[in-house]
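S.K.: Those protein sequence lines, which keep their order, are chains A and B. Taking the numbering used here, the leading residue of the first sequence gets -1, the next gets one more, and so forth. Taking the numbering used here, the leading residue of the second sequence gets -1, the next gets one more, and so forth.
A portion of the hints provided could be inaccurate.
DMTMM-like cross-link-like pairs, simulated, lysine to aspartate or glutamate; straight-line CA separation at most 20 Å [said to hold, decoys possible]: (1) 56(A) with 32(A); (2) 56(A) with 32(B); (3) 56(A) with 20(B); (4) 56(B) with 20(A); (5) 8(B) with 51(B); (6) 56(B) with 72(B); (7) 8(B) with 43(B); (8) 8(A) with 43(A); (9) 8(B) with 20(B); (10) 8(A) with 43(B); (11) 56(A) with 43(A); (12) 8(A) with 46(A); (13) 8(B) with 41(A); (14) 8(A) with 41(B); (15) 56(B) with 51(A); (16) 56(B) with 46(B); (17) 8(A) with 20(A); (18) 8(B) with 67(B); (19) 8(B) with 64(B); (20) 8(B) with 46(B); (21) 8(B) with 43(A); (22) 8(A) with 67(A); (23) 56(A) with 67(A); (24) 56(A) with 72(A).
Don't read these hints as lab results, they were simulated from the structure.
Number of protein chains: 2
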Amino acid sequence: MRARVLIRPKAGILDPQGQAVERALPALGFAGVEHVHVGRLVELDVRDAAELDQICQKLLSNPLIEEYEIQLLDGQNGAPGS
Amino acid sequence: MRARVLIRPKAGILDPQGQAVERALPALGFAGVEHVHVGRLVELDVRDAAELDQICQKLLSNPLIEEYEIQLLDGQNGAPGS
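Just chain A, with the same shape it has in the complex:
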């Protein structure tokens, strides 16, 4: 089963990449862009979707500073993680 994991900095955690993008855009001529957050995207084929939560916690994300969202790519909706 194909799955997608979206990993973002938790609310309140510094997001320097997002800040850099937000500051660069006006200089490139794009106004009106706000609240930019940069995270990671992981897409993978997994045999047992029940393992995804553990995979996210143990390897893909840093639960101290990041939150993750798992999306199963066969029509089901994503569920927010820790």
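With chain A fixed as given, assemble chain B onto it according to the hints.
M.R.: Same frame as chain A, now just chain B:
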């Protein structure tokens, strides 16, 4: 309008992060995980969604080695980018 941009290595481009994850998982006790790809996730509020394509090409992605997909987060579907 809230938008999400998914940025991935193009097919055929080396994905060392994905390979690292794929190799690490069996050692952590997770079998049956394949075709892992790691990319970037950018979420942003944009006033004019028509600018997103240019923003992706000029700042968020490297069109030589990455492809991007724009998702508008108000119920519309994403459209694959360059």
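S.K.: Give me the numbers of the hints this structure contradicts, sorted from smallest to largest.
M.R.: 1, 6, 7, 8, 12, 15, 20 and 24
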